[in-house]
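Chemist: Chains A, B and C supply the protein sequences, listed in that same order.
Residue numbers 0 to 475, in numbering that gives the first Met the number 0, belong to the letters of the first sequence in order.
Residue numbers 0 to 103, in numbering that gives the first Met the number 0, belong to the letters of the second sequence in order.
Residue numbers 0 to 464, in numbering that gives the first Met the number 0, belong to the letters of the third sequence in order.
These are calculated hints, taken from the structure and not from any lab test.
Just so you know, these numbers come straight off a predicted model, no measurement behind them.
Backbone N, C-alpha and C fix where the C-beta goes; we use that ideal spot for every residue, glycine too.
Please note: incorrect hints may appear among the correct ones.
[As the list claims (entries may be wrong)] Subject to a maximum C-alpha distance of 16 Å in a straight line, what follows is the list of computed EDC-like cross-link-like pairs (lysine to aspartate or glutamate):
no.: 1; chain 1: A; residue 1: Lys209; chain 2: A; residue 2: Glu186
no.: 2; chain 1: C; residue 1: Lys336; chain 2: B; residue 2: Asp21
no.: 3; chain 1: C; residue 1: Lys377; chain 2: B; residue 2: Glu24
no.: 4; chain 1: A; residue 1: Lys255; chain 2: A; residue 2: Glu230
no.: 5; chain 1: C; residue 1: Lys336; chain 2: B; residue 2: Asp86
no.: 6; chain 1: C; residue 1: Lys336; chain 2: B; residue 2: Glu22
no.: 7; chain 1: C; residue 1: Lys79; chain 2: C; residue 2: Glu319
no.: 8; chain 1: A; residue 1: Lys339; chain 2: A; residue 2: Asp359
no.: 9; chain 1: A; residue 1: Lys128; chain 2: B; residue 2: Asp86
no.: 10; chain 1: A; residue 1: Lys213; chain 2: A; residue 2: Glu9
no.: 11; chain 1: A; residue 1: Lys209; chain 2: A; residue 2: Glu151
no.: 12; chain 1: A; residue 1: Lys213; chain 2: A; residue 2: Glu186
no.: 13; chain 1: A; residue 1: Lys172; chain 2: A; residue 2: Glu151
[As the list claims (entries may be wrong)] FRET-style restraints, in silico, Cβ to Cβ:
no.: 14; chain 1: A; residue 1: Ser219; chain 2: B; residue 2: Arg41; range: 47 to 57 Å
no.: 15; chain 1: B; residue 1: Arg32; chain 2: A; residue 2: His159; range: 48 to 58 Å
no.: 16; chain 1: C; residue 1: Glu428; chain 2: B; residue 2: Gln5; range: 44 to 54 Å
no.: 17; chain 1: A; residue 1: Glu230; chain 2: B; residue 2: Asp86; range: 40 to 50 Å
no.: 18; chain 1: A; residue 1: Glu9; chain 2: B; residue 2: Ser19; range: 32 to 42 Å
no.: 19; chain 1: A; residue 1: Thr362; chain 2: B; residue 2: Asp86; range: 26 to 36 Å
no.: 20; chain 1: B; residue 1: Ala65; chain 2: C; residue 2: Val24; range: 16 to 26 Å
no.: 21; chain 1: A; residue 1: Glu9; chain 2: C; residue 2: Gly359; range: 51 to 61 Å
no.: 22; chain 1: B; residue 1: Arg32; chain 2: C; residue 2: Gly359; range: 17 to 27 Å
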Amino acid sequence: MTWEAVIGIEVHAQLRTARKLFCADEVIFGDAPNTHVCPVCLGLPGALPATNPEAVRLAVRSALSLGCTVHPESVWARKNYFYPDLPKGYQITQFDRPIATDGTVVFDTDDGEKSVRIRRVHMEEDAGKSLHDRIPGSTAVDLNRAGTPLVEIVTEPDLHSPEDTRAFLSALKQTLEYVEVSDCNMEEGSLRADANISLRPAGSSGLGVKTEIKNVNSFSGIQRALEIEIERQRHVLDGGGTIQQQTLLWDDHKGKVRPMRSKEESHDYRYFPDPDLPPLRVAPEAIREAEKALPELPRARRYRLQNELGLAPYDAGVLTQSRVTADYFEDVSAQVGDAKVAANWMMGPVQALMNDRGYDAITLPVRPAQLADLIGLVLDGTVSEGGAKKVLAAIAEEGGEPRAVVQAMGLLQVRDEGQLFSWVDATLESHPTEADRYRGGEKKILGFLMGQVMKRSKGQADPRRVNELLVDRLDR
Amino acid sequence: MSVDPQDVARVASLAHISLSADEVEHLTGELNRILEHVDGLRGLELAELSDLTPQIRTPLPSTRSAEREERDRLTVTLESFAPDVRDGFFVVPPPPGLEQEDSK
Amino acid sequence: MSASQIAECVRDGETPLGPARSALVAISEAESGPEALNAFVSLNPESALTGASSGLLAGVPVAIKDNLATTDLPTTCGSKILDGHVFPFEATVVRRLREAGGVIVGKTNLDEFAMGSSTENSAFGPTLNPHDRDRVPGGSSGGSAAAVAAGYTPIALGSDTGGSVRQPASFCGVVGIKPTYGRVSRYGLVAFASSLDQVGTFGRTVRDASLALEVISGHDPRDSTSVQREVPDFSGAGERGVAGLRIGVPDEYLPAALDPGVRRLINEALERLVDRGAVVSRVSLPHTNYAIPTYYVLAPAEASSNLARYDGARFGVRGEGRDIGDMYRATRDAFGKEVKRRIMLGTYVLSAGYYDEYYGTAQRARGLIAQDFEAVFKDVDVLFTPTAPTPAFNLGENTDDPVAMYLSDVFTVTANLAGIPGMSVPIGELGGLPVGGQFLAPWWEEQTMIAAAGALEASFAEEST
Chain A
0 MTWEAVIGIE VHAQLRTARK LFCADEVIFG DAPNTHVCPV CLGLPGALPA TNPEAVRLAV
60 RSALSLGCTV HPESVWARKN YFYPDLPKGY QITQFDRPIA TDGTVVFDTD DGEKSVRIRR
120 VHMEEDAGKS LHDRIPGSTA VDLNRAGTPL VEIVTEPDLH SPEDTRAFLS ALKQTLEYVE
180 VSDCNMEEGS LRADANISLR PAGSSGLGVK TEIKNVNSFS GIQRALEIEI ERQRHVLDGG
240 GTIQQQTLLW DDHKGKVRPM RSKEESHDYR YFPDPDLPPL RVAPEAIREA EKALPELPRA
300 RRYRLQNELG LAPYDAGVLT QSRVTADYFE DVSAQVGDAK VAANWMMGPV QALMNDRGYD
360 AITLPVRPAQ LADLIGLVLD GTVSEGGAKK VLAAIAEEGG EPRAVVQAMG LLQVRDEGQL
420 FSWVDATLES HPTEADRYRG GEKKILGFLM GQVMKRSKGQ ADPRRVNELL VDRLDR
Chain B
0 MSVDPQDVAR VASLAHISLS ADEVEHLTGE LNRILEHVDG LRGLELAELS DLTPQIRTPL
60 PSTRSAEREE RDRLTVTLES FAPDVRDGFF VVPPPPGLEQ EDSK
Chain C
0 MSASQIAECV RDGETPLGPA RSALVAISEA ESGPEALNAF VSLNPESALT GASSGLLAGV
60 PVAIKDNLAT TDLPTTCGSK ILDGHVFPFE ATVVRRLREA GGVIVGKTNL DEFAMGSSTE
120 NSAFGPTLNP HDRDRVPGGS SGGSAAAVAA GYTPIALGSD TGGSVRQPAS FCGVVGIKPT
180 YGRVSRYGLV AFASSLDQVG TFGRTVRDAS LALEVISGHD PRDSTSVQRE VPDFSGAGER
240 GVAGLRIGVP DEYLPAALDP GVRRLINEAL ERLVDRGAVV SRVSLPHTNY AIPTYYVLAP
300 AEASSNLARY DGARFGVRGE GRDIGDMYRA TRDAFGKEVK RRIMLGTYVL SAGYYDEYYG
360 TAQRARGLIA QDFEAVFKDV DVLFTPTAPT PAFNLGENTD DPVAMYLSDV FTVTANLAGI
420 PGMSVPIGEL GGLPVGGQFL APWWEEQTMI AAAGALEASF AEEST
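Extracted from the complex, chain A is given alone in its bound form (with noise of 0.2 Å):
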């Protein structure tokens, strides 16, 4: 029997508000345990939520990004349960009426573009911390996390792979960067995912028994988690037993999924409507608005650099990875006139500095003009290119002006014809051997005719116009 993997994600998301969803604390990483808290989000009686408009625009935003439709009235709901890190004994959620619904994300696979149908996208409040292991035989709650902002982004079940798992969550990952509203760090906990995963004989359209899979943090480990579950549920399948429904946590350091045994694993959260809240309502021209906002998606985007500046494939794929990368690159190429060569330069100088020093895209010392500025004196054989990638790593280290740069680092190429005969005769004088052989049909033997050249020239002479002096003179 062969079986087909069907799975669905559910991703949190935390937005990056100045501050929580219903307080005015502000949402920060780190800092000393409960020193970001109040009555609201401590859950103290008497308290009283009040809704962030910043975390609805960014919600909108998320929605939108994701091809949703966003509804102009939702309703807010509590999910009842108790749990230290709860505050109050109930998260506020959304459950029957969430913000928006019915989106598609589009991503590429090894086998071709695929699609997942977003089912929704609601808003929902986070809860604290519970550290189990800090003080033996207790546990420690930290209340500095309850309240921040998430979107909750449920999908249908319409991955097939582990590996089409993994790329889709990059590319969901890639979207809400670009629009803004998230760190998306898997690490930090701003990006969690939990995934669905059931087996149906291969070409069936119904749904077997799903297990849910929780405590993944990392892309790979998700795509690792789903491997080893569905592989066990193949071999419970195959030897004739059932898929018991159950919720799994991955175990990243023995790398092994295993059963959370929990008395409370059918809950009943008993949802219904908070009453300390209205209704939330959007209106219809805000989320025509925010439509009109979104920025071009990393898609779309990538598809332009390659049809309309005519980057490859792989390149406009390195270049769009973020909206930084793929904004600065758009600057610099529309600055020097030439995709191709900007595209290089990106993926190849100013990838290695970045590298070299550590800089990201948003660190990099080194503005686009500049850049550009740079890339402009190469191709005017101003200055050669090892020059030029010099010249770079000296900008990001001190700044300053290209041209101002290469001079006073004396770069400036030498193209001036008369120095330039004078050091290419003074070389075939000096190596006749070599220049016999070059006569003679080896041709290879340029490059070493070459490097000599640019050693008499200490390096500052034109390579190109060299080579071409270089072979006039020996066709002679």
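Place chains B and C on chain A using the hints.
Modeler: Quick look at chains B and C alone, frame taken from chain A:
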């Protein structure tokens, strides 16, 4: 609709209220009497009302005003009202032998 | 002296803390003797009194129901679980009272977490009715009603979820006002049933109770259910008179089985109003009999969720437990019987499989009740009904029968369900016990009911001069 002692026990567990066997029985009777009364609602042909708070006749602001981000800073220490605080954390007994997952 | 009179004296130069100090002395003396009413859970020591020499309530001693957050005194909600717990923030209404110059004298007794109609469900013992110490003062704001009736303070704050200000006002012979839902901030009011709760005021006179209401009313950005609407002149509304006022008397509130004494007092009150120019007609609110079942689904449901935070983890009294589940259960064992009963009922009606049947249906029934009022207020300006089916009952009379206790809310819960304002004003006595008449007004028209209540009060006052 009638409630049996098992229902009562399940509900008590959800609400983390501990009841003795006697109390369960007593409460089962009481809840049934109350719910009998409430049964008058059943069989009401009611249209779906979309407005959750029909008594609010004036539209309420949906979000708080962005300018006034007045933070209700706690002017007292956690220790002044919390039963157990150590190193800045609220401290509680551990879960009853469950698998740990850092919350939802 | 009335609150308005005290405030005027203080604004004119009398010591702001003078009246409050006298009040404290009188209270301490009365409450330590055989005439003690147990109206207060806690009292401010004289040294802790603060007040102002300006403001609408300059120097006026005020009593605050012990489910409203104060930072100088604990807020117990009448419960062992919050015994001694001092809140780290103050309720908005308390702040407004203080900013208006009011002096907080103490916190008054209540049914635990405002659940009850007699103040017998307090962990700190019942409060007694000043008119007859074998009887209840009503509930859940019994302590506040008794404090005002006994003359301890001229005004007091209470809360009203199903009648908890109006019914004790009726039982104690004082004025009690519940505003339109959303008129007064609930920030700092310990929630019982969020979509029904409102802070209310007590006074010995219509003017005093209305003055207190005016001071505490108004939008609060911290309470998302409070409405942005200007606060009208409540304190002066009692003098408007009732010429041409159309008063409706709903059939369903004068059932055949109503106590004949209460019926007589209602009719006499209506005659007084007609004498002063009002026009009375009979009206009908056909869905009234759904009110009690609706209330007893919705209120416990919301309460069961609101009370989940009492888990011993971050505040309040913690019970012992080896693991967290044990701790939760041990902590919540400190809830009284009525609170546990309502949490159980509420949890049940919300639980899987029952939601639509109970909670969903109740929400929809509530809409019908609101629609009844909407229809009726097209033809009349205000409604007049008994506040409670009887005068104050004896201590211990209903404690074993929750259903009987619940039925005593029958005339008051509709206003909470619909969100309309209501108030109780004394209309006479039966066997020496006060009886109150209730005015119900359309949404946002507290002034109309205050005018009617003021006219009635004036009519009684004229008679005794």
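Chemist: Taking the hints in turn, state whether each one holds.
Modeler: Verification of the hints:
no.: 1; hint: Lys209/A with Glu186/A; in the structure: 27 Å, violated
no.: 2; hint: Lys336/C with Asp21/B; in the structure: 13 Å, holds
no.: 3; hint: Lys377/C with Glu24/B; in the structure: 49 Å, violated
no.: 4; hint: Lys255/A with Glu230/A; in the structure: 12 Å, holds
no.: 5; hint: Lys336/C with Asp86/B; in the structure: 37 Å, violated
no.: 6; hint: Lys336/C with Glu22/B; in the structure: 10 Å, holds
no.: 7; hint: Lys79/C with Glu319/C; in the structure: 15 Å, holds
no.: 8; hint: Lys339/A with Asp359/A; in the structure: 21 Å, violated
no.: 9; hint: Lys128/A with Asp86/B; in the structure: 15 Å, holds
no.: 10; hint: Lys213/A with Glu9/A; in the structure: 10 Å, holds
no.: 11; hint: Lys209/A with Glu151/A; in the structure: 20 Å, violated
no.: 12; hint: Lys213/A with Glu186/A; in the structure: 15 Å, holds
no.: 13; hint: Lys172/A with Glu151/A; in the structure: 13 Å, holds
no.: 14; hint: Ser219/A with Arg41/B: 47 to 57 Å; in the structure: 54 Å, holds
no.: 15; hint: Arg32/B with His159/A: 48 to 58 Å; in the structure: 55 Å, holds
no.: 16; hint: Glu428/C with Gln5/B: 44 to 54 Å; in the structure: 50 Å, holds
no.: 17; hint: Glu230/A with Asp86/B: 40 to 50 Å; in the structure: 43 Å, holds
no.: 18; hint: Glu9/A with Ser19/B: 32 to 42 Å; in the structure: 41 Å, holds
no.: 19; hint: Thr362/A with Asp86/B: 26 to 36 Å; in the structure: 34 Å, holds
no.: 20; hint: Ala65/B with Val24/C: 16 to 26 Å; in the structure: 49 Å, violated
no.: 21; hint: Glu9/A with Gly359/C: 51 to 61 Å; in the structure: 26 Å, violated
no.: 22; hint: Arg32/B with Gly359/C: 17 to 27 Å; in the structure: 22 Å, holds
Figure legend: structure checked against the earlier numbered hints; hints not met, in rising order: 1, 3, 5, 8, 11, 20, 21.
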